[in-house]
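One line per chain: the protein sequences are A and B, in this order. Residue numbering for the first sequence follows the working numbering, starting at 1 and increasing by one per position. Residue numbering for the second sequence follows the working numbering, starting at 1001 and increasing by one per position.
One thing to keep in mind: the hints can contain errors.
Label-pair restraints from in silico Cβ distances [claimed, not checked]:
| no. | chain 1 | residue 1 | chain 2 | residue 2 | range |
| --- | --- | --- | --- | --- | --- |
| 1 | A | Pro-19 | B | Glu-1042 | 18 to 24 Å |
| 2 | A | Lys-56 | B | Arg-1088 | 35 to 41 Å |
| 3 | A | Thr-16 | B | Asp-1038 | 19 to 25 Å |
These are calculated hints, taken from the structure and not from any lab test. What you are looking at is a predicted structure, and each value in this text was computed from that prediction instead of being measured. We put the beta carbon where it would ideally sit given N, CA and C, even for glycine.
Protein chains: 2
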Amino acid sequence: MKEYISPIARLINQFTKLPSVGAKTAERYAYKILDMNDAQVEEFAKTLIDTKKNVKLCSVCGNFTETDPCKICQIRDKSIICVVKDARDVLALEKINEFKGVYHCLGGVLNPMDNIGPNDLRIKQLLNRLDAKVKEVIVATNPTVEGEATALYLAKLIKPLGIRVSCLAQGISLGSEIEYTDHATLSQALENRREI
Amino acid sequence: MKEYISPIARLINQFTKLPSVGAKTAERYAYKILDMNDAQVEEFAKTLIDTKKNVKLCSVCGNFTETDPCKICQIRDKSIICVVKDARDVLALEKINEFKGVYHCLGGVLNPMDNIGPNDLRIKQLLNRLDAKVKEVIVATNPTVEGEATALYLAKLIKPLGIRVSCLAQGISLGSEIEYTDHATLSQALENRREI
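For reference, chain A alone in the conformation it holds in the complex (with noise of 0.2 Å):
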């Protein structure tokens, strides 16, 4: 027995799919499951499975949700939609409270070195969403170059029709050191400067 016994090894296999788990960690995460009781470990994979099988895209925005459409479909404010990359981004969002619009996932931003264009996001269901009534598109995509391009794309398409759009604002993060700030993000905290 110079390797694990295969059920063992089985396992440990599974768990590595995980983000950032290594060898040495799903062998730790197994053995903490064979420490479980028969009913603990039951529930976890019952967990796993009900999961997959509730939780659905939101037909409306792309965002997790039991029902369809979403409850922020059903409730909120839709003169305003923030587009955000994926239903991540609309958690992260969604714990600060603040915003009050309805959301629209894009399932990704373009990348054309993965072979990502505007076919392969929802790009044609956001449009379809831009009736009368709405007011303003806050593009919420990661400051990144892929994320940037997908918001002057977006823009391109929306600002003809007479909507506001807008992204998120850049600059030094809250708590963060100039001192250590990327020259990047400094220049462009420069010249987003207000006053005060």
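Once you have looked at the hints, place chain B on chain A.
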């Protein structure tokens, strides 16, 4: 939706039961599960349950096994028994591929603070294994207060039976730096110095 929808919250809660997994890591794992397809999630869940069902503890040595007694107990040299805390330590020792004897997992170490006494460990089962064929018992418990107390306790029980009792060598780890080695380890290394 200030928080996760309930199936996602339940899945995150399950992942936080794994060692060293906090809310943020559990969230990443949960999203990874949602990214997988149905078949992959089902396989993950099935592996959890199958592993828990198929992996037993060997009735002789207490190691993880699919067969009983385990493969090590079936074929290896029974004249030398290596006593370890639990099955995880067996694997660590098996990986160096040098020890040719059999193992005995105690299921823990003596720890008065946690009310773990000799009757809570598989010590009686160890004594029952000590027949005339056994020449040496290596006590490979961790070099902690509890581990060493357990080793001394076992030595007191086993030595009178005329069986050699040994423990692992203590000293500075390979590749470590003397400058940064803690006092206790350095003191042990000096005391246990050997001729070259």
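Cross-check of the supplied hints:
| no. | hint | in the structure |
| --- | --- | --- |
| 1 | A/Pro-19 to B/Glu-1042: 18 to 24 Å | 20 Å, holds |
| 2 | A/Lys-56 to B/Arg-1088: 35 to 41 Å | 40 Å, holds |
| 3 | A/Thr-16 to B/Asp-1038: 19 to 25 Å | 20 Å, holds |
When held up to the earlier numbered hints, the structure conflicts with none and fits them all.
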